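Novice: Chain residues, written in single-letter form:
Number of protein chains: 2
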Amino acid sequence: MKQSMMFIPTLREIPSDADVRSHQLLLRAGFVRQNAAGVYSFLPLGKKVLQKVEKIVREEMERAGAVELLMPALQQAELWQESGRWYSYGPEMMRMQDRHNRDFALGPTHEEMITSLVRDEINSYKKLPLTLYQIQTKFRDEKRPRFGILRGREFLMKDAYSFHANHESLDEVYEKLFQAYSNIFSRCGLDFRAVIADSGAMGGKDTHEFMVLSDIGEDTIAYSDSSSFAANIEMAPVIVNYEVSHEAEAQLAKVDTPNQHSIEEVSKFLSVPKEKCIKSMLFKVDDQYVLVLVRGDHEVNDIKIKNILEASVVELATPKEAKEVLGCTIGSLGPVGVPSSVCILSDHAVKFMVNGICGANEEGMHFSGVNPLRDLENIQYEDVRFIQEGDPSPDGKGKVVFAKGIEVGHVFKLGTRYSEAMNATFLDENGKSRPMIMGCYGIGVSRTVAAIAEQFNDENGLVWPRSVSPFDLHLVPINTKQEDQKELSDKLYELLTKDYEVLYDDRMERPGVKFADSDLIGLPIRITVGKRAAEGIVEVKIRQTGESMEINTENLIETIEKFIVK
Amino acid sequence: MKQSMMFIPTLREIPSDADVRSHQLLLRAGFVRQNAAGVYSFLPLGKKVLQKVEKIVREEMERAGAVELLMPALQQAELWQESGRWYSYGPEMMRMQDRHNRDFALGPTHEEMITSLVRDEINSYKKLPLTLYQIQTKFRDEKRPRFGILRGREFLMKDAYSFHANHESLDEVYEKLFQAYSNIFSRCGLDFRAVIADSGAMGGKDTHEFMVLSDIGEDTIAYSDSSSFAANIEMAPVIVNYEVSHEAEAQLAKVDTPNQHSIEEVSKFLSVPKEKCIKSMLFKVDDQYVLVLVRGDHEVNDIKIKNILEASVVELATPKEAKEVLGCTIGSLGPVGVPSSVCILSDHAVKFMVNGICGANEEGMHFSGVNPLRDLENIQYEDVRFIQEGDPSPDGKGKVVFAKGIEVGHVFKLGTRYSEAMNATFLDENGKSRPMIMGCYGIGVSRTVAAIAEQFNDENGLVWPRSVSPFDLHLVPINTKQEDQKELSDKLYELLTKDYEVLYDDRMERPGVKFADSDLIGLPIRITVGKRAAEGIVEVKIRQTGESMEINTENLIETIEKFIVK
Chain A
2 MKQSMMFIPT LREIPSDADV RSHQLLLRAG FVRQNAAGVY SFLPLGKKVL QKVEKIVREE
62 MERAGAVELL MPALQQAELW QESGRWYSYG PEMMRMQDRH NRDFALGPTH EEMITSLVRD
122 EINSYKKLPL TLYQIQTKFR DEKRPRFGIL RGREFLMKDA YSFHANHESL DEVYEKLFQA
182 YSNIFSRCGL DFRAVIADSG AMGGKDTHEF MVLSDIGEDT IAYSDSSSFA ANIEMAPVIV
242 NYEVSHEAEA QLAKVDTPNQ HSIEEVSKFL SVPKEKCIKS MLFKVDDQYV LVLVRGDHEV
302 NDIKIKNILE ASVVELATPK EAKEVLGCTI GSLGPVGVPS SVCILSDHAV KFMVNGICGA
362 NEEGMHFSGV NPLRDLENIQ YEDVRFIQEG DPSPDGKGKV VFAKGIEVGH VFKLGTRYSE
422 AMNATFLDEN GKSRPMIMGC YGIGVSRTVA AIAEQFNDEN GLVWPRSVSP FDLHLVPINT
482 KQEDQKELSD KLYELLTKDY EVLYDDRMER PGVKFADSDL IGLPIRITVG KRAAEGIVEV
542 KIRQTGESME INTENLIETI EKFIVK
Chain B
2 MKQSMMFIPT LREIPSDADV RSHQLLLRAG FVRQNAAGVY SFLPLGKKVL QKVEKIVREE
62 MERAGAVELL MPALQQAELW QESGRWYSYG PEMMRMQDRH NRDFALGPTH EEMITSLVRD
122 EINSYKKLPL TLYQIQTKFR DEKRPRFGIL RGREFLMKDA YSFHANHESL DEVYEKLFQA
182 YSNIFSRCGL DFRAVIADSG AMGGKDTHEF MVLSDIGEDT IAYSDSSSFA ANIEMAPVIV
242 NYEVSHEAEA QLAKVDTPNQ HSIEEVSKFL SVPKEKCIKS MLFKVDDQYV LVLVRGDHEV
302 NDIKIKNILE ASVVELATPK EAKEVLGCTI GSLGPVGVPS SVCILSDHAV KFMVNGICGA
362 NEEGMHFSGV NPLRDLENIQ YEDVRFIQEG DPSPDGKGKV VFAKGIEVGH VFKLGTRYSE
422 AMNATFLDEN GKSRPMIMGC YGIGVSRTVA AIAEQFNDEN GLVWPRSVSP FDLHLVPINT
482 KQEDQKELSD KLYELLTKDY EVLYDDRMER PGVKFADSDL IGLPIRITVG KRAAEGIVEV
542 KIRQTGESME INTENLIETI EKFIVK
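Protein chains in written order, with our numbering: chain A, 2 to 567; chain B, 2 to 567.
For the record, the hints were derived by calculation from the structure and aren't laboratory data. All values derive from a computational prediction rather than experimental measurement. Where hints are given, some of them may not hold.
One copy or any two copies: either way a pair holds, since identical chains are not told apart in the list.
Claimed, not checked - BS3-like cross-link-like pairs, simulated, lysine-lysine; straight-line CA separation at most 30 Å:
#1 K128 / K532
#2 K56 / K307
#3 K255 / K499
#4 K492 / K285
#5 K275 / K433
#6 K563 / K321
#7 K499 / K56
#8 K275 / K324
Let's have the full structure, built from the sequences with the hints guiding it.
Specialist: Laid out in structure tokens, this is it:
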């Protein structure tokens, strides 16, 4: 493609409204432009990257046995009323009325629509399983759209839905799509982790998020420094692997701790390390009071409490409630002498403590010499804390490291959440009607483009991996008015386009402008045709490493082959 | 692709809400489903056809030098206010508000947005011309969506826009895209005509519509039976090619025609053929009265009057106005003795009339023996009538035939309509600021799929041309439980997928169901594996001709090659 025919408006200055590298560079290199807050156009280069990502997505989805269709953006309110989400979705769902005043949503997702399509056509286990996907524009009226195409209000998404007669079938397809997702993000060149996530309000079971590691990510991931294990920090299990102390057990004794409330204060006041303190927190779990214990240097994870107790709502008790239940306000709570109506849930780490400190349920008083196995009764030991950096990896391999992640994909076992609400049933082998079991699987296609740009850039611009680069090669004659340069460039363009996608900078611009634009755009290899054109010698520069070499055009293909990643 | 994994819900019955063949068959063969009035899902087979058409469109657009981008559906009201169309577009434009109560349109088209994008980045003639296109979802709230995906409210469109420094450049690109459009519709296998159309309210100059010939079309086309000439009947010029009569001229005489008003009545009353009568109609053209004459068997074309007189509004005068101006009400109007304030515009055919009849501007009176060249004065002879079937083709080749057409494409010289309103200017060679000259070019991609289905079907189902067929071959084992049939089918599937797209009917269905579905879906070639599988013999059936033959699998590729259209 000749650059003079493209529309690549590059910018020298960093746009003032762009605060992350990917957004700055996608604007500066002329890949995208904003049309309204969170609403973007993909200019020709951006559209090309989008198409490369789409192609990878399609290939891997098809390989996993998914079949493509295309559903509309306009969705009748009635559909969403059936599932109940018309009322629960909130202002993020864009709504409108047609000329007959009928309510429509602009689809933020398509569970309702696909469930409706499939229930109308499939009624037998013989036609299951079925996995359908689309690559389609979604609308979500984000409160704070930001980072350009990373979090927009109109964006391109690949969404897939699977329908099953039993859970084994769902497990099988979930595995396949999990693998497809891994392949997709690997082929995009991304450093990512498949992260165990919280199934949350969706009521499903297994769920993984695919997170691209990046400092601008909004989620924190705990992953192993030596294996593929990764989980959202809220979900990462902590394995019981605490050192057993050989310290002699002291006697339990009440000590004065006037006005000392936090672990920080108490440990300082008593001159003991924080890990010698037991943190006691009273929660209200549904209608039951639960005292939760963790070691002083650990943090309580209320999602784990919720899951262990299979509860709906977990909230910290108020000081007034604490006073009522334990006879003392927050700051001196503790597990000794707790009434039997309060259940005590303790983290495993507490069990290994020797001569610890804990609140005495009396204002300004703590116990010292607490040996849980000796002194505490009626305790359920569970994993109730957040994992920490340096903890052993839950899979037993290596240690845990934290990182921020950008969510680019999500696989989810939905179960019968939608099929039950919307009456999507089938007849099983015995002629019995049952709701279909469903899975759903999303990839933010335009967000993936942003994530790639965020991971692949340097001080001079973007540095595309070949698999998603808008073109393979940038052919740049220094001076197109020089006959020999023009002639050689034309010849090379014709030759190279047979096997590669070539962007040919045929513009009458100064070399400095051409080189700066070329670095900014970031194609894997630049071929510069300059003074030595008459000798048949060109410069080959590798964008990623900056390596550059003079090559006789006879050896050009060979050199490209050597450096370009297939 | 194995059919058991696809989602192809076929129907035996004709859906009651589908009133044209394409819609009935696309529903019955499981290509589309309706989600709301005028809003459709493309199921896997439909999506595949859509992608084939998209691919053809992309290839031809790129070949014509157009570059792809992707603009959003959400468009801020401010953009449309700049062009003025926010107020003039009417209820067909879908509108909504975001969570901050800002007004948005769901793009029915993208002139405003592309003009805004280009004006912000291009400021020099050096960066022109520029041709950009997208394949993107459009929204138009049609009053009466109908014929399924032929006229929907959400549909897929290819829209292109070109920007130029001068009209020669626009002409050049217009030509190229005209050719690209011809290639696209030819490659889709369509019988179409590029029709000269009315530039109408858009204020442009040249414009062509690409019309697929079909009885369900909403427009009437006049085309030549022996050349490529075609025009919207409103626009077709009539060439002056009337027989000269050798009849002796009679005297002008006033005759009584009591209560005879229409041409029908007068010709019957006076026992003369209609073509001997002069039809006189009084129009109000802007602020001027114009008496228009055509032969009694012809019809006045008011668009031609408008264009000849470069008028804004052309309307028939009321009886009261006729009385005031010509002293007589409609029914006896005529060109003899007309006051000089009224201009007379006559069709060329009238000039060739001998001894004609015309109204005498007196109730119940006509003139006979009217010889226009002798008796009528101050007449401007022009082409003011509608062309008729049987008229010579305007290009001089063959005769005119009428047909109904489905508009699938439109190319249009916009001029400066948008660039002036939106201040999209550039500096020319002399440093002078001028508005960019624009063209716009649309193709209804999803509508094209419907048009193909409308032209390619028979009593058993759809009959896809190979270029847009969802698959090339339908491989149908009669009984997958028969080991030899299954084995041969599996082997053939593996072999054929190397060079062809194969739909493999691996379902456990009765042969009758499989064959009926196969005919309905309409792939170009069906390969049936049946009783003679053990001998290596299969049946090859050509969908279009119904021709069928038994073939040894050794000769299968050869046979397919012979019958399949590349």
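Novice: So, for every hint listed, does it hold in this structure?
Specialist: Against the structure, the hints:
In this assembly of identical chains, the alpha carbons of K128 and K532 lie at most 30 Å apart only when taken from different copies (26 Å versus 67 Å within one copy). Taking the closest pair of Cα atoms, K56 and K307 never come within 30 Å of each other, the shortest separation being 41 Å inside a single copy and 51 Å across copies. Taking the shortest Cα distances, K255 and K499 never come within 30 Å of each other, neither inside one copy (84 Å) nor across copies (82 Å). For the homomeric pair K492 and K285, neither the shortest alpha-carbon distance inside one copy (76 Å) nor that between copies (65 Å) is at most 30 Å.
Proximity of K275 and K433 under a CA criterion of 30 Å is satisfied in neither setting, with 59 Å inside one chain copy and 76 Å between copies. Within a single copy, K563 and K321 get their C-alpha atoms no closer than 72 Å, and across copies no closer than 88 Å, so neither meets the 30 Å cut-off. Taking identical chains as interchangeable, the C-alpha atoms of K499 and K56 lie at most 30 Å apart whether they share a chain (20 Å) or sit on different chains (19 Å). In this homomeric assembly, K275 and K324 come within 30 Å of each other (Cα to Cα) only inside a single copy, at 25 Å, whereas the closest approach across copies is 107 Å.
Violated hints, listed in ascending order, are 2, 3, 4, 5, 6; each of the other numbered hints is respected by the structure.
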